[in-house]
Amino acid sequence: MTIRPEVLLAILAMALVTYACRAGGYAILRNIRTPPFVDRMLNHLPGALFAAYVAPALVSGGLAAWIGALATIVAQRAGGPMVLAVAAGIAGLWAAQPAGL
Amino acid sequence: MQVTFTRAGMARGAARGLPLVPIMIPFGLVVGMVAQAQGLSFAELVLMSVLVFAGASQLLALELWNEAAPVLGAAAAAFVVNIRMAPMGAALAPWLDRLRGWRVWGSLGTLVDHTFAFSVAEMRQGGRDAGFLLGMGLLFWAFWVLFCAAGHVFAGLVALPRDHPVFFGAVACFVSILVALWRGPGRDLPPWILAAVLAIVAARLGVPAPLPLLLGALSGAALGAWQDGRQERRA
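Protein chains in written order, with this note's numbering: chain A, 1 to 101; chain B, 1 to 235.
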């Protein structure tokens with residue numbers, strides 16, 4: 001139940017940056033017009049960010065990780081809730097691992 | 001436009017948000033479990049979820065956690081993941097401009113993707129009660145902390161090794177978000193591939209985390225922005 005000082009510092013830094021993103025957008029962007037390129041970049045940022053996160057994990061995770069990712073994609077595209085898509089991914093990886101993949 | 005801020009409006013927002021609460025379950029559980037595996041105490045995880053309340057940035061920051069807490073890395077991850085929320089507050093200006101003090105700055109503090117989407121829809125349908133946003137935000141916030149805490153408790157009880165398949169849930173969460181974000185190969189494939197390749201190559205070259213992630217994300221987004229701009233000039 002302890003809170004270490006350096007962990008607290010990291011949490012506070014994240015909290016401050018995150019609040020600045022939430023509130024700063026309203027405080028600043030309502031008064032100035034952002035360049036179209038910045039708008040377009042913000043529009044593409046989430047996809048690029050998650051791709052940059054997922055790709056190294058799949059490459060280092062081997063075939064089992066790809067099977068897990070494929071199971072997630074199929075379940076998500078089938079229109080089910082995200083809980084099921086995530087569970088399908090874990091199950092896919094779990095099933096593939098003992099097979100030595 | 002006459003804008004009010006009432007308890008009834010907050011209740012309306014909370015009621016509208018209730019069916020969406022389950023979408024936070026996988027993300028919250030995974031964040032709690034990864035936090036436990038990375039050595040964060042229960043109190044530290046709860047504090048993080050209370051103060052940050054932004055799942056993707058929490059998960060990315062936790063992946064960076066080593067012996068020492070990565071203060072700069074966590075802040076950088078939070079910025080790149082959460083800057084997407086900056087335009088949301090501006091889009092809600094017709095409501096927020098007519099509020100004062102904690103009603104504005106408190107409502108903004110609870111802003112997340114889904115509360116934004118539903119509040120904008122409510123606003124465009126002529127909704128005049130800005131309490132809707134905060135009511136829905138507080139509901140999401142409370143359940144977010146609850147699901148994260150549950151994940152931490154669960155991981156502590158069963159003591160899973162760090163390479164257990166359950167931790168693939170972190171990757172699976174982002175894969176399912178990517179599926180939802182997908183707008184077709186022409187628009188999304190080049191930026192996503194560039195982001196993925198740069199992140200992998202930079203990590204292989206020994207560039208310290210989270211820089212490979214940031215490099216990939218920003219380069220991919222820039223490529224997407226350039227593509228869209230060229231498309232627009234042609235049209």
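Please keep in mind that the hints were generated in silico from the structure rather than gathered at the bench.
The C-beta atom is built at its ideal place from N, Cα and C for all residues, glycine as well.
Accuracy of the hints is not assured; some may be wrong.
[To be verified] Listed next, the stretches of chain B that the computed footprint assigns to chain A, with coverage defined by at least 3 CB atoms under 8 Å from CB atoms of chain A:
id, region
1, 60–73
2, 118–132
3, 147–161
[Stated by the list, open to error] Computed list of chain B residues with no C-beta within reach of chain A, every gap over 12 Å:
id, residue
4, Thr6
5, Arg12
6, Arg204
Verification of the supplied hints:
| no. | hint | in the structure |
| --- | --- | --- |
| 1 | 60–73 | holds (count 7) |
| 2 | 118–132 | violated (count 0) |
| 3 | 147–161 | violated (count 0) |
| 4 | Thr6 | holds, 21 Å |
| 5 | Arg12 | holds, 22 Å |
| 6 | Arg204 | violated, 9 Å |
Hint violations for this structure: numbers 2, 3 and 6, all remaining hints satisfied.
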